[in-house]
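Student: If you want the working numbering, it's the position in the sequence shown, counting the first as 1, plus 3.
Note that these hints are calculated values from the structure, not bench results. Don't be surprised by glycine CBs; every beta carbon is placed ideally from N, CA and C. You can take every hint at face value.
Restraint ranges, calculated between C-beta atoms of paired labels, are given here: (1) L81 - R130: 14 to 24 Å; (2) A216 - M170: 20 to 30 Å; (3) V207 - I235: 41 to 51 Å; (4) N67 - R130: 17 to 27 Å; (5) F210 - R189: 17 to 27 Å; (6) E223 - P55: 28 to 38 Å; (7) N53 - G28: 10 to 20 Å; (8) T147 - G28: 25 to 35 Å; (9) H214 - P77: 17 to 27 Å; (10) L94 - Q225: 11 to 21 Å; (11) S136 - A229: 17 to 27 Å.
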Amino acid sequence: MGSAMRALEYDGGVKRWVAMDPSEGMLQRARQRYEGRAEFWCVDEEEEENWPVEHGSMDLVVSNLALHWVNDLPGVLLRMNRILRRDGFLLATMLGGETIPELRIALQLAEQEVWGGVSPRVSPFVRLRDAGSVLGRANFVLTTIDIDHITVPYPDMETLMKHLQGMGENNAAIARRPHIGRTCLRRASEIYKERFSSPDGSVVATFQVIHMAGWTPHPEQQAPAARGSATIRIPGTPTTYS
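Construct the complete structure from the given sequences, taking the supplied hints into account.
Tutor: Below, the structure written as structure tokens:
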């Protein structure tokens with residue numbers, strides 16, 4: 004939220020800013036700095052009936068690293084579409100399916116060794132190939148999908164897990180074994196260092212960030228030309244087909 008809220012420091016003639024977050028603590032930090040310049044609401048993304056905005060009332064929706072926590076992603080994107088005016092713009096980022104694969108592999112191998120089976124230790128993420136389709140299902144057009152892979156060094160697996168906890172990115176999977184055990188964690192840390200260590204002794208963690216952009220439909224938006232209406236031929240292509 005902080006990065007998006009910094010836009011409030013510039014007077015661009017925006018009539019209304021609405022900030023929503025399920026974390027009251029994050030909202031309180033934003034209020035202290037931007038009180039009086041925006042509305043702040045502590046609501047869950049999936050509780051549309053509590054959203055403090057009307058359908059067709061916004062020009063821009065920004066969601067930064069939050070949508071990977073949503074259970075019904077197509078439904079939430081559709082609600083975002085509904086609150087936008089025609090030719091409104093959605094800009095969103097979320098963690099993708101190739102996020103922290105190193106941690107997932109280390110924990111699974113350790114659990115298999117210690118417990119004789121595995122349980123989900125990393126929350127599920129959206130795969131890149133699905134990101135574009137969910138935007139289309141939510142009635143967005145002129146969509147764009149891009150990705151970043153960010154590799155972060157850590158002293159060890161334990162430091163990484165503490166960092167994830169501090170970010171509020173704990174595992175939320177329900178069907179996981181409630182206690183992993185110290186023996187299993189020690190073995191996972193060993194596997195992590197064996198498989199994913201750098202020459203300097205640190206271990207690496209990879210975060211995949213999916214960037215999504217899309218517009219709500221408008222009659223004056225650019226559109227592909229009608230099939231067969233081309234007037235310029237690409238050199239070297241045949242003029243007739245059988």
